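K.L.:
All chains, please: the whole structure from these sequences, using the hints.
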Amino acid sequence: MSAMQPDQYNSEHYNNYEDPGSDEEAVGDGRPTIVIMGQKRSGKTSIRKVVFQKMSPNETVFCESTPRVMNEPITGSFINLQTIEFPGQLDAFDTAFNPKEVFSTCGALLFVIDAQADLPEALRKMSAAMIRAYNINKNIKFEVFVHKVDGLSEETRMATYRRIFQKVQDDLADHTLDNIYITYHMTSIYDHSIFEAFSKVIQKLVRQLPALIKLLDMFNTACSVEKSYLFDVSSKIYVATDSNPPDLSTYELCCDMIDITTDLTGIYGKIDTNAPPQDGYNLESQSVVRLKVNQVLFMKQVDKYLALIGVMKKEPFEKKGLIDYNFQIFKNGVTAVFEIGRLAITRH
Amino acid sequence: MALCHFCEEHGPRVVMTTQALKRTGIQRHANVDEDEEKGEKKKEEPRYKMDILSVNEFGKVDFDTIPQITDEDVVFASWDRTIELVDDESRCEACSSVGPNASHIANDYLAGRSYVTTQTAINEDAYAVTQSVCFKAHNTQNLLPLTLTSLEDDEPTPSTSESSKTEDGEGIIFFGKAQDKYTAVGRMFALKDAKSRGFKRRYGLLCISQNHQLLTWKFKDIMVEVNMTADLLKLSAEKVHDCEQEIDKDQVIRSGQVLGWIQGHEQPKIEYDTSRSFTKIVGNEEAFFTLHRDCVSILQILLKPDATMKFDGMSNLSVSRYVERAAEAMAIAATEDFAVISKKIEQPELKAILIHLVRGGQMICQCDYAPVRSKFLFAFSVLLPNTLVDIASDQRKYCIEKNLLGVDECVPLPTPEQYDLVIIKLVKTYENECYGVADFDVNVVRLPEEQLEPVPSVVSKYLGALENEIAHTTTSILHKALTTIKEEFMTLVTSISSTYPTTARIAALLKVHSKPVTDLHVYQFWKLAKLRVPRNGKLISISEEPSFPSKPIQDDLPTTRKVSASIPIPARKSVCEDDVGFSTLSSSMPSVFSSTNSLPIGTPSTGSFAQTSPLSSNPSSAPDSSRRGSFLNSVENSEVLDQCRPVSDDDLFATSG
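So the sequence lines, in the order shown, correspond to chains A and B.
Take the first sequence: its position 78, counting from 1, is numbered 78 in full-length UniProt numbering, and each next residue is one higher.
Take the second sequence: its position 597, counting from 1, is numbered 597 in full-length UniProt numbering, and each next residue is one higher.
Certain hints may be false.
[Claimed, not checked] Which chain A residues stay away from chain B? Per the calculated CB distances, all over 12 Å, these: (1) 40; (2) 54; (3) 88; (4) 158; (5) 164; (6) 165; (7) 171; (8) 182; (9) 249; (10) 252; (11) 290; (12) 319; (13) 339.
[Unchecked claim] Heads up, simulated DMTMM-like pairs for lysine to aspartate or glutamate below, C-alpha to C-alpha not over 25 Å straight-line: (14) B:22 with A:64; (15) A:49 with B:88; (16) B:239 with A:64; (17) A:40 with A:59; (18) A:125 with B:431; (19) B:181 with A:94; (20) B:136 with A:59; (21) A:125 with B:89.
[Said to hold, decoys possible] With the C-beta cut set under 10 Å, the calculated list includes, among others, these residues of chain B facing chain A: (22) 9; (23) 275; (24) 277; (25) 279; (26) 280.
Keep in mind that the hints were calculated from the coordinates and are not lab data.
Since we're looking at a predicted model, the values are computed, not measured.
Cβ atoms here follow ideal geometry from the backbone N, Cα and C, with glycine treated the same way.
P.N.:
Following this line, the structure appears as structure tokens:
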């Protein structure tokens, strides 16, 4: 383990990992948009409520049918974006909705497919939507949520995935658009797969992602951390993770840790009377969970929305002073990364 | 008017449309040639003909000016029912109403308008507009609060008040652009349904017009009616929902309050039925017919010309002409009611009632339904000069100032020893809730003790007109007869009173005119009609009050009724505490005295279609503005006063009537 040097966070390093031409993007008000589409009763509203409004998955059974286009900004979170959900009964490309304006500022098109329902109609609609959206904005990132897979066996899941993948590729090839890159996610609101899938969607919209990955890698190396995530504690979506392959079980552990910490902080956390509490957290919040498998989960608040959660062995964790020092460097680096991004927007 | 809803299968759909069409003439087919018109060539039967589910008509006999081609062919304004309606949208049971080939019709001959209710609009422009409005209404994010229509002047505006937040997608919408060429106002609401997602279904009741100014001017009136309709629908749906929760436990599931115990992946099983029709949700098979009546009423309110408004293309002359015609229609309708009522009362009793009324006596109608009382009392008002009619049909306690008084059955009335009254009770004998029709029996509870002999001439003539077969051929003839009788006697009263004679001289003058001596009583009352100052909103100073002859009453004057009108009646709290929601109940429970052709009547609205008063639901608000202000004032100045005995407070309401 070594202390991280502040010099490693000079602007040269940062610039090496910056998205090429990211400062030249038309950001508008700086708030990216995620358009959610899908057939009726595919689970669009449930996904949105579970992920961003902390609704219990069981309560989503009683959600009413969405009668109109739901345009909701996500506030109180690091994820400063807005979601636009189109009801399955409506055509998102109807002129009444001004599709050009919607999709020209769209960062990601998220299409939800009910894996337990009839697929052909959904796939036909999805292909058509992707083609039209691509024609409006070629920078849109296409994400497909193969949803409600909790009720399917592993074999059925894979078969459904292959079928969807093949059909979509064929449709796009028919329109000579097979260069469109589509990411598929198997999701369910009854486990953490929906959060992980959304995390990957959000990460693609974070321009500072490469810098954050690099920071996390360096922190891991310096502190002998096995896996680290940069979480948005409000939505339990991780904004960045290190280069190691993600592990769903570790992610679930981290989510559980956030839940426990949030609950305890709500009871015992320091309340600043001058400012509204952010789920009870403040910049000094941190927590440690010691697991039976000789591992430690630690959480440290980076800013009012973000928290660093890491998994490491017990022995390296004993050097708390070093970890705190490295964390401070890491925190300064993250702040600098986002500050540069804000300055870039301001200059634009 | 349009009822729209968001179908879980098909999205926003227009379920039902009610349109107002002008009655401009008979619609002919484009291929009708002269031979067909002459009858030489056999007219081909149209391959398509829309089904007519119901026809309501108002004022046909007196105001229908458009001739019919044949007896079988019913003319519906300028709409050709052989033109097939084409609906591009797919529908399920939830999106359907009267069906693609059926309609409800209401013809308002007085206003020269027909109202047609179909599943989709009958012309292409209206079809496109209603679709667009339905789409926009369901996509509106910011709805106006429901309290918007009830704001007082000193209340904060919706944007600043705390109550500005709408309840879960319910609220008022108001939108329209000049380039769209339409404006729409409406109420979005949700009906409880145990078999739909979220246990509710979204509906909207919309009023659409090309005239933005019209909707703006009448916004509050329209929204009061629309809100009332929506609230009633919500109540009905809630009743059905609660009933289902209670009875059908296997099929439905309770709402999510008890789901706290459900853990893990145990998902509650809910049986959805996305295509459940509107009639099932509100539990009324005739819901669309009822809604048709409501929509017609709202359109009548919207299209009723207001003398204070100025619309492009409508002169003041046509407005006043309409008002006159409406007043005449109201009077004819009242005469029709009077004819029916007279058949329900025995002849001697009817005679006693008429004598009592024309002498200025008080008649009280006891009934728990205010519209019924109103109709009954208004029927008798045709017998008196307008300025002598003082109707109060919705009183919570006894009031001596009114000569035609309507009260609930529980209101205590004075004893016979105190006041000489006619008390009539209306008892319901038949009711059809679906069509809003009921029948009532007329029970005479109390009559004046004293009977005048001989019968005053005006009463004899009234009775004669009622018995006359010719007068009964049409109501308008009977109305004309009664009006003529009234005017004749009024002319006599005017001519006599202009000489300010003594009582003895009056009796002599009546004898000269071959009138019975009992006409003197009628004269004493009717002469006050000329002394009433027309109501013009201006207070009358004491010096302007007319003076009366100060001579005392002659001894030969017959004993008069015992009405101590000069003694102030202390206000008593009515024992009838149950007045909650009564106006809504009563106004939605109309009745018809006519034994034939029970007309379905409109809604809890002030402009109900088939009621006697298309302008106002309160027939007592007669169009003649020169009504006298107080029955008490008139009696105060009468020579009758000296004959009254003082009544102590203890005697008042000592026993119930």
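K.L.:
All hints are to be evaluated individually against the structure, with a verdict given for each.
P.N.:
Evaluated hints:
1. Distance check on residue 40 of chain A: its Cβ comes as close as 7 Å (rounded) to a Cβ of chain B, failing to clear the 12 Å threshold; non-interface status is violated.
2. Once the 12 Å rule is applied to beta carbons, residue 54 of chain A is consistent with being away from chain B; the minimum gap is 16 Å.
3. For residue 88 of chain A, the condition that its CB be more than 12 Å from all CB atoms of chain B is violated, with the nearest at approximately 8 Å.
4. Distance check for residue 158 of chain A against chain B: the nearest CB is about 21 Å away, which clears 12 Å, and the non-interface claim stands.
5. A cut-off of 12 Å between C-beta atoms confirms that residue 164 of chain A is not in contact with chain B; the least separation is 24 Å.
6. Residue placement check: residue 165 of chain A keeps its beta carbon more than 12 Å from all beta carbons of chain B (closest about 27 Å).
7. Distance check for residue 171 of chain A against chain B: the nearest CB is about 24 Å away, which clears 12 Å, and the non-interface claim stands.
8. Listed as outside the interface, residue 182 of chain A is consistent with that label: its C-beta sits roughly 27 Å from the nearest C-beta of chain B, beyond the 12 Å cut-off.
9. Interface exclusion of residue 249 of chain A from chain B stands, the closest Cβ pair being 18 Å apart, more than 12 Å.
10. The claim that residue 252 of chain A is not at the interface with chain B holds, since no C-beta of that chain comes within 12 Å of its own (minimum 15 Å).
11. No beta-carbon of chain B comes within 12 Å of the beta-carbon of residue 290 of chain A; the shortest separation is about 27 Å.
12. Every CB of chain B lies more than 12 Å from the CB of residue 319 of chain A, the least distance being 40 Å, so the non-interface label holds.
13. The Cβ of residue 339 of chain A sits about 35 Å from the closest Cβ of chain B, beyond the 12 Å cut-off, so the non-interface label holds.
14. As the CA atoms of residue 22 of chain B and residue 64 of chain A are separated by approximately 42 Å, the hinted pair breaks the 25 Å bound.
15. Between the alpha carbons of residue 49 of chain A and residue 88 of chain B the distance comes to roughly 35 Å, so the proposed pair goes past 25 Å and is violated.
16. The straight-line distance between the Cα atoms of residue 239 of chain B and residue 64 of chain A is roughly 20 Å, inside the 25 Å bound, and the hint therefore holds.
17. Between the alpha carbons of residue 40 of chain A and residue 59 of chain A the distance comes to roughly 18 Å, so the proposed pair stays at or under 25 Å and holds.
18. For a cut-off of 25 Å, the pair hint linking residue 125 of chain A to residue 431 of chain B is broken: about 54 Å separates their Cα positions.
19. Under the criterion of a C-alpha separation no larger than 25 Å, the hint pairing residue 181 of chain B with residue 94 of chain A is consistent with the structure, at around 21 Å.
20. Using a Cα cut-off of 25 Å, the hinted pair residue 136 of chain B and residue 59 of chain A is violated, with the two alpha carbons roughly 29 Å apart.
21. Among the hinted pairs, residue 125 of chain A with residue 89 of chain B is consistent with the structure: their alpha-carbon atoms are about 19 Å apart, no more than 25 Å.
22. A hinted interface residue such as residue 9 of chain B counts as satisfied when its beta carbon comes closer than 10 Å to some beta carbon of chain A; here the least separation is about 7 Å, so the hint holds.
23. Checking residue 275 of chain B against chain A by beta carbon gives a least distance of about 13 Å; that is not within 10 Å, so the hint is violated.
24. Because the beta carbon of residue 277 of chain B sits about 17 Å from the nearest beta carbon in chain A, more than 10 Å, this interface hint is broken.
25. This hint is violated: residue 279 of chain B has a C-beta 20 Å from the nearest C-beta of chain A, more than the 10 Å allowed.
26. The beta carbon of residue 280 of chain B is not positioned within 10 Å of any beta carbon in chain A (closest approach about 18 Å), and the interface hint is therefore violated.
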